[in-house]
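> Residue numbers (our numbering), protein chains in the order written: chain S, 4 to 225; chain C, 4 to 225.
Treat the hints with caution; some may be incorrect.
Note that the list lumps identical chains together, so a pair holds whenever it fits in one copy or between two copies.
[Said to hold, decoys possible] Straight line, CA to CA, 20 Å or less: simulated EDC-like cross-link-like pairs of lysine to aspartate or glutamate:
| id | residue 1 | residue 2 |
| --- | --- | --- |
| 1 | 205 | 174 |
| 2 | 205 | 222 |
| 3 | 205 | 113 |
| 4 | 130 | 210 |
| 5 | 130 | 118 |
| 6 | 94 | 113 |
| 7 | 205 | 171 |
| 8 | 130 | 219 |
What the hints contain is simulated information worked out from the structure, not anything from laboratory work.
This one's a predicted model, so the numbers in the text were calculated from it and none came from an experiment.
Single-letter residue listing:
2 protein chains.
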Amino acid sequence: MILKRSWRIEVQWMSEQSMSERSPAGSPAGSSAGSSAGSSAGSSADRTRSAILTAARTCFAETGYDGTGLRAIAVRAGANVALIQRYFGSKEGLFLAAILPRLDVSLLLDGPMDEFGARAASIMRMKVGRGFDPMMALLRALATPSLAPSLSAALSRQVMAPLAARLEGDEPEMRAALILAHLAGYEMLLRVLQLPELAEAKAAARETALATTLQDLADGPR
Amino acid sequence: MILKRSWRIEVQWMSEQSMSERSPAGSPAGSSAGSSAGSSAGSSADRTRSAILTAARTCFAETGYDGTGLRAIAVRAGANVALIQRYFGSKEGLFLAAILPRLDVSLLLDGPMDEFGARAASIMRMKVGRGFDPMMALLRALATPSLAPSLSAALSRQVMAPLAARLEGDEPEMRAALILAHLAGYEMLLRVLQLPELAEAKAAARETALATTLQDLADGPR
């Protein structure tokens, strides 16, 4: 039951074809910079736009935000830099349009909160071994000072608020932030840095420890 | 008692004048690239070398590894890029020489392990409000793919091994990694991203939660 629900979450989080790319180009989710090109765009423009977003996620995940240039994204997408700038305004605009729609945690919260830790840990387990994905791009971008204000605002709105609303007890916002901190640190060491002490640990023990910590944070002070 | 010990740790971790910079230039701790310039260097070369390391820590912390160029470090240090390259070989060599000596956790472990969580949390509290420091440079560099192998090796050797040696019970290496994961995620959201749900939380509640999580990870499965 938990596994089935987790797979659904995984599909939403990890699919290379996000909701925003299937929506009409005139209403891209999470992008404020890309609407100028879209209102009368046909399917060709939609496909180009989608290819740019997919290429951006791959490049930002593989080489980090600072280490990725618009030229590399253009080459991978089969587009050109001028078109990217016309659609998304800037590298920051493209990053926000490509990554922020992936921050929807509503399905992660779709279940009883006394199973939250196990549910989150099972999602993390499924990610291991997949290598790069949009969440890696987000984690790497946490380190870029110029992106901090927009990432912080997006995390507050899209992750902290819905998660805190599900937590009972004192300081739900702070505990939501500590849950995100643990998940971010876990992902950072396991998948970005591939620290052997974590990457080569027994998967079952690692998952149990992760689930326990997340559940304790969700439950609040004993 | 705990506070007094923690201040000592703080002094070692955060001091702008590290052990490596006070040592003779011919034996720089953590640097394999800098020895060519040093064996007969006088005090002027020592001062220049120290100024470069200090400038590097500031620049890497403020603008991230990818976002920092040797030119900016040279300007801040009153040196030139050629000299930096002669001393440290490359940007990566300079980063490793500037940051890795700061990874000594021996004093963090100088006390009973049933106080580990409270001790670590009190150190984190003292860091809050200080803004940038060498640990920020390390956290930001976790996101740079090209540095991952050397950072992972250094963390294993300098942080994971001594910490795991102090943990009782099963899977000490994995639990050491989870402790580092929680600390890294906490610092990343609180000080790099300055997420309001964490930065504006009651400091006492935040510290208690951090201490509890770290202690639970140090104690192992219940």
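> Hint by hint, where does the structure go against what was stated? Just the numbers, ascending.
3, 6 and 8
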